[in-house]
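So the protein lines, in turn, are chains X and R.
Just so we're aligned: 260 in the working numbering is position 260 of the first sequence, and the numbers increase by one with no gaps anywhere.
Just so we're aligned: 1339 in the working numbering is position 339 of the second sequence, and the numbers increase by one with no gaps anywhere.
Hints in this document: simulated from the structure, not taken from any laboratory.
Any given hint might turn out to be false.
[What the hints assert, rightly or not] Restricting the straight-line Cα-Cα distance to at most 30 Å, the calculated cross-link-like pairs of lysine-lysine (BS3-like) are:
hint: 1; chain 1: R; residue 1: Lys1115; chain 2: X; residue 2: Lys283
hint: 2; chain 1: R; residue 1: Lys1222; chain 2: X; residue 2: Lys107
hint: 3; chain 1: R; residue 1: Lys1144; chain 2: X; residue 2: Lys283
hint: 4; chain 1: R; residue 1: Lys1144; chain 2: X; residue 2: Lys107
This one's a predicted model, so the numbers in the text were calculated from it and none came from an experiment.
Chain by chain, the residues run as shown.
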Amino acid sequence: MFGDYSIGDLGSIFVMQGFAGLILFSVYVLMALGLAIIFGQMGVINMAHGEFMILGAYVTWMTSNFFQSYLPSLFSGYFFLAMILAFLASGALGMLVEWVLIRHLYKRPLDTLLATWGLSLMLQQAYRSIFGAREVGVELPQWMLGSLHVTDSIEVPINGVFVMGLTVLITIGVAYIMFRSRWGRQVRAVVQNRIMAGAVGINTAKVDRYTFALGCGIAGVAGSAFTMIGSTGPTSGQLYIVDTFLVVVFGGAASLLGTIASAFSISQTQSTLEFFMSGSMAKVLTLLAVVGILMLRPQGLFALKVRK
Amino acid sequence: MNDSRFATRSELIGILVLAVFLVVILPLCLDVFRLNLVAKYLTYAFVALGLVICWGYGGILSLGQGVFFGLGGYCMAMFLKLEASSVENTKIQSTPGIPDFMDWNQITALPFFWKPFHSLTFTIAAVILVPGLFALIIGAAMFKRRVGGTYFAIITQAVAAILTILIVGQQGYTGGINGMTDLRTLKGWDIRPDHAKIVLYFFEVGLLFACIFIAQFVRHSKLGRILVAMRDREDRVRFSGYSVANFKIFAFCIAAIFAAIGGAMFALNVGFMSPSFVGIVPSIEMVIYTAVGGRLSILGAVYGTILVNFAKTSLSESFPELWLFGLGGLFIAVVLAFPNGLAGIWGDYVQPRISKLIGTRKPKAGWTDSSVADGAPAE
């Protein structure tokens, strides 16, 4: 399949597809970060993760509408407020869900899957009843439209670059919270040994609740970022969920670095293959490769070495 | 409990009741249209039955049963489609004698993997062997490497996603998103009129009971007890010298073959097959039927499937808004309050009261042979 292209062409193709892949990479990382916390750290399979993202997207959409109608002068900066609101809304819903549903199921991980699937159906219907079945798109402020010309053959859309920057910031933030803050230490202590963590005075139930809420909140921010590159409908969340789980599992569930590495390899493979064949075949090959590697390395790329 | 028998007395009564319900009561009460709907629901009951063995007893949650349902269904649909695309039927096409969607996609010759599907014998073998082998490969690759629990569930889900994308993407060979439609005859026998629907319904019920008997046999054999032991304490079974992986592969293959038979019957009953029965959403719904019926109850799975689907049809007809709330609430309620589903409610609450009323037997302390609430270890 490489035969028809010269070396120079191939270089250009790889750079161009590499940039496209970087945007896809940001999307995957944003989707997977929240899940890496909820699934990787807590072991809860949250099938409603996509719906938490959609909630963030709808919050962003409402904020943008609000700014457009009442504060048009501040419209160019609405996005930063929208992200904070998306985080708070999804986080609050996450906290509620943890309290009502998840805390009863910590010993039955496979049942969290069924219950959160039920939750995702209810949320989908709720979105459809409240916002309508139609997909909604967010109006972008002027400075986010257009693209940057890097060279003659390479063009990068500004909203894509913005999402990439956002991803870097959020990733650093999550890494800081998990590995440098007192609270992150508590989370990891609870994950490693719940009983012992409780014995030294950590309120494990509270840690669980806030961890779940943080994961959902990040999902909300991810959804907020997605509004800049695509439209959102009530059932969009389901499209992401398998990819997201694969990214997290492929990276090694409990490892943040693994999640990033797996998002990078999956997105780059897919975007490079996409140039040479149809998008669906590229996706099939990428997923097959991921599943194949997972069969060889069931614990993922960056498995923590622990005794069981 | 007498282990050598294939069913206890109460189980035999249960099977008899189900048989009367399916063979006598439903055909008498329902018109052909509704009966055909029940036949469609029952195709999912095959999947649910497989999940009882694989998930309820074996502790292996597969979120990719739609894959096997689809493989079985597509094998059967390919045979029916070839029969429906005889040269006379397709003479308006630019290439007569090939399925219409191939013609639309500029394919001029029948692809090589379609050719054997001219033979019904081959098709029936393929309905069982293709999904069986596929399950064997996936199962061997996963269980030999001790992938289990959550990871297995997610990987089967990915397989379902892969197959759906593949089917949709390869339009010329599979009919794409529309699937294979307009299936007409089986060996010259028209499957569309009412009397054919009734014959197919009874044939399907017969197959279902064959599968129930196989499931009962597995359950009461030593194999079934090893499966349950493995689900509850996998390490101990392994240390006792059993090959855990092989038992898991076996359970997974049985479930896959049941699902494939369901899929093949689906193609016959409904008259088409499409990727919307293969993907993740239908696969998870099939798990839900099992969960609602009771993951440990072979007969419960059948009732659960009929009930959920009946509720789905009637509720989504009259209250399309409420339906998803209802279904979502049902999942949550089943998981939180009734981990053993309908069968658990029956066994724990209803049956003891009935027994007390009639005064035949002392109520049993608990219905389940092992508590699901404590949970099988995840990995």
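Hinted pair lysine 1222 (chain R) and lysine 107 (chain X), Cα distance within 30 Å:
29 Å, holds
Compare the distance between the alpha carbons of lysine 1144 (chain R) and lysine 283 (chain X) with 30 Å, and conclude whether the hinted pair is satisfied.
27 Å, holds
Is the straight-line distance between the alpha-carbon of lysine 1144 (chain R) and that of lysine 107 (chain X) 30 Å or less?
Within the cut-off at roughly 25 Å; holds.
Does the alpha-carbon distance linking lysine 1115 (chain R) and lysine 283 (chain X) stay inside the 30 Å limit?
Judged against 30 Å, a Cα distance of about 28 Å means the pair holds.
Violated hints are absent here; each numbered hint is respected by the structure.
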